[in-house]
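There are 2 protein chains.
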Amino acid sequence: MDLKEKDSRILQALQKWAETIVQRAKESGDVYMELPVRTLRNVIYDEEKGFLRMGERLARREFLNVAHAKRFLQTSLVAAVVADLIREGITTSLRDVYYRVKHTIPGTRENTVDQQTETDRAIVDLETMLGFVREELHIFSKGGKGKVAGPFELVEHVYTSDGKVRTVEFDGTNLGMGGWPVPPIVEPERVEIKKVDADFVLVIEKDAVWQRFHEDKFWDEHNCIIVTGSGQADRPTRRFVHRLHYEFKLPVYVLTDADPWGWYIYSVYKQGSINLSYLSPQLATPAAKFLGMAISDYHRFNFDRTVKIKLKDVDIKRLNELRRYPWFKHKEWQQEFDLMEKEGFKMELEAGASKYFRFITKEYVPAKLEQKLFLP
Amino acid sequence: MDLKEKDSRILQALQKWAETIVQRAKESGDVYMELPVRTLRNVIYDEEKGFLRMGERLARREFLNVAHAKRFLQTSLVAAVVADLIREGITTSLRDVYYRVKHTIPGTRENTVDQQTETDRAIVDLETMLGFVREELHIFSKGGKGKVAGPFELVEHVYTSDGKVRTVEFDGTNLGMGGWPVPPIVEPERVEIKKVDADFVLVIEKDAVWQRFHEDKFWDEHNCIIVTGSGQADRPTRRFVHRLHYEFKLPVYVLTDADPWGWYIYSVYKQGSINLSYLSPQLATPAAKFLGMAISDYHRFNFDRTVKIKLKDVDIKRLNELRRYPWFKHKEWQQEFDLMEKEGFKMELEAGASKYFRFITKEYVPAKLEQKLFLP
Numbered sequence: 001m002d003l004k005e006k007d008s009r010i011l012q013a014l015q016k017w018a019e020t021i022v023q024r025a026k027e028s029g030d031v032y033m034e035l036p037v038r039t040l041r042n043v044i045y046d047e048e049k050g051f052l053r054m055g056e057r058l059a060r061r062e063f064l065n066v067a068h069a070k071r072f073l074q075t076s077l078v079a080a081v082v083a084d085l086i087r088e089g090i091t092t093s094l095r096d097v098y099y100r101v102k103h104t105i106p107g108t109r110e111n112t113v114d115q116q117t118e119t120d121r122a123i124v125d126l127e128t129m130l131g132f133v134r135e136e137l138h139i140f141s142k143g144g145k146g147k148v149a150g151p152f153e154l155v156e157h158v159y160t161s162d163g164k165v166r167t168v169e170f171d172g173t174n175l176g177m178g179g180w181p182v183p184p185i186v187e188p189e190r191v192e193i194k195k196v197d198a199d200f201v202l203v204i205e206k207d208a209v210w211q212r213f214h215e216d217k218f219w220d221e222h223n224c225i226i227v228t229g230s231g232q233a234d235r236p237t238r239r240f241v242h243r244l245h246y247e248f249k250l251p252v253y254v255l256t257d258a259d260p261w262g263w264y265i266y267s268v269y270k271q272g273s274i275n276l277s278y279l280s281p282q283l284a285t286p287a288a289k290f291l292g293m294a295i296s297d298y299h300r301f302n303f304d305r306t307v308k309i310k311l312k313d314v315d316i317k318r319l320n321e322l323r324r325y326p327w328f329k330h331k332e333w334q335q336e337f338d339l340m341e342k343e344g345f346k347m348e349l350e351a352g353a354s355k356y357f358r359f360i361t362k363e364y365v366p367a368k369l370e371q372k373l374f375l376p
Numbered sequence: 001m002d003l004k005e006k007d008s009r010i011l012q013a014l015q016k017w018a019e020t021i022v023q024r025a026k027e028s029g030d031v032y033m034e035l036p037v038r039t040l041r042n043v044i045y046d047e048e049k050g051f052l053r054m055g056e057r058l059a060r061r062e063f064l065n066v067a068h069a070k071r072f073l074q075t076s077l078v079a080a081v082v083a084d085l086i087r088e089g090i091t092t093s094l095r096d097v098y099y100r101v102k103h104t105i106p107g108t109r110e111n112t113v114d115q116q117t118e119t120d121r122a123i124v125d126l127e128t129m130l131g132f133v134r135e136e137l138h139i140f141s142k143g144g145k146g147k148v149a150g151p152f153e154l155v156e157h158v159y160t161s162d163g164k165v166r167t168v169e170f171d172g173t174n175l176g177m178g179g180w181p182v183p184p185i186v187e188p189e190r191v192e193i194k195k196v197d198a199d200f201v202l203v204i205e206k207d208a209v210w211q212r213f214h215e216d217k218f219w220d221e222h223n224c225i226i227v228t229g230s231g232q233a234d235r236p237t238r239r240f241v242h243r244l245h246y247e248f249k250l251p252v253y254v255l256t257d258a259d260p261w262g263w264y265i266y267s268v269y270k271q272g273s274i275n276l277s278y279l280s281p282q283l284a285t286p287a288a289k290f291l292g293m294a295i296s297d298y299h300r301f302n303f304d305r306t307v308k309i310k311l312k313d314v315d316i317k318r319l320n321e322l323r324r325y326p327w328f329k330h331k332e333w334q335q336e337f338d339l340m341e342k343e344g345f346k347m348e349l350e351a352g353a354s355k356y357f358r359f360i361t362k363e364y365v366p367a368k369l370e371q372k373l374f375l376p
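So the sequence lines, in the order shown, correspond to chains A and B. Residues 1 to 376 (my numbering) make up the first sequence, in order. Residues 1 to 376 (my numbering) make up the second sequence, in order.
Check each hint, because a few of them may be wrong.
It does not matter which identical chain is used: a pair holds within one copy or between any two.
Claimed, not checked - Below, computed lysine-lysine pairings styled on DSSO-like, alpha-carbon distance capped at 27 Å:
#, residue 1, residue 2
1, LYS142, LYS342
2, LYS312, LYS331
3, LYS289, LYS331
4, LYS289, LYS372
5, LYS329, LYS70
6, LYS70, LYS195
7, LYS331, LYS26
8, LYS362, LYS70
9, LYS312, LYS4
10, LYS164, LYS195
11, LYS310, LYS194
12, LYS217, LYS16
Don't read these hints as lab results, they were simulated from the structure. Bear in mind the structure is a predicted one, so any value in this text is a computation, not a measurement.
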């Protein structure tokens, strides 16, 4: 489906959504929209699907209810902006949408919105009611900070606001030092993954470490696609990994620091995040496995003691939060958590440089892959 | 000069530097290195050159001085690591260098280094003593977060650690949505700018706003190169802008939020930063001009009052710091500072969306360019 078809579907859905509201008003005088509840109580860890998802609870937002009226207005205004964006063939940022919607209501001193959180929330309203993700509605957050390299071919269909389309081809084995920069929107109508010759996807938490794998052509030696989200991954990077997994049946392995923050980054690639639980079907990759680093690797690979970083209170607090997440209940993870607390240290991906710069690409990761030393 | 020639020059310089130290030891028994003082007192705002630079003061670091011995050791160890990196054809991160150098000194409980700041500082020692920048010494910080598009052609010579070189060509008018990702190292031996058909360079503070300019093909309509550093610019982005200016005589205009933080980002592109004053000859672009946003633009372009963001104490504090920087002493800037304080608000690049999404690319920037409404 190309962008035009996709856009016309979305406009139809918007139209239908608006008509339903009008219809209700005409029939019963009740002006309301019905939308999924997004409080924590309606976030479910679905063991079968293997990801966090939104529950079934719905709530009504009523126009003639003082407590609801402003949010009703905000969601309606944002819906109108989305329709404009699509008709004009423009993409834009969350921040832009906020300013676009923010105005003083004539005859009052009241603004339509006062904070960006209000338009952001209205965009989530639309995502959940229409069943399209924000990026399909032409809205992104920031520029995208992911990087990719390896044996794949893709075509970007670059839609410019003058109505023209450029197609740009990328060969993942012939990229510059910066790799393929994951754009702010990677939906299939814009990023068409043509061909993948890889055996697996290796996701690397830190961009500086990804550079090591890229320079060492790890993707060539091990026939894989290397991805980094540069820290906590943004939505397009997670979406791209998700697409590689589902469209090309590639196993996904994730490599992070051995600390509670890195481990949580892994879990976000895998199960999704609490805030974006409604997007897990588009973003999560429940089959992802954890490749490293684990505290047990310290002994297994005989690291120098100088690489240990003493745990702080804030680390232990976060560790205990991880312990309680249902998706970390596996015995193997609980053992890792216990080991970290007992040994009292964390460890970074760069620790391998203590031996030699290419230890991580030449020994550590190959050994973990070969011996299948994964955590669930 | 290709990478091999460059590398052999650096190895020669390292060799000579080391031999000088040995020579001195043999002749007088004095083992010392001489290096520029890097305290604030030796940072000079050079009005003639138009940038911050390091002064002439030198200091000795002596091996047989208890206060100096450890730093002497650290700098020597890092010098050895740099020589290894160059010989092995490897680039790496500051964090990696830290781990590479960190070891317990045999027979003691003392580590060579305890914090990354120590190896970072040693790398600066080498930069200032050898006259090569860190990136020429094969060391980068992070992955690079800049993006570029427009009428230019460049070739990346991608050196991989197996000794092979790939050349990858980029046409800046045919890039994906993510543009050309500025790699962690943009020295000429790796990034060769072949051809530039642009009339000027437009630097945009925020990546989400850069996306607007890219989608609207501003670079085509106004025949320019658009660059973003995604907030405070990293070294490679500043270096690339510097190269565009000096190698192709392009004027550089900078577009930031109308707030003290955005204005400081502008000044870093232009005059360099206090911390990296010794790098201004490689990084600064003193001829850069400020295109916007200014507080005076609020009235000039008749913005809606809802775009005003009330100044906080921390903004006013920063504003007063800016007032005192010698490079902001121009009358025009001081008037802007006064105006901001008097009116009590700041304003963001996204404010234009309050009118319509493409206001910034269709009206605001074209008008500022046409009427040459620059600040120095």
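Of all the hints given earlier, name the ones this structure violates by number, lowest first. Violated hints: 1, 5, 6, 7, 8, 9, 11, 12; rest satisfied.
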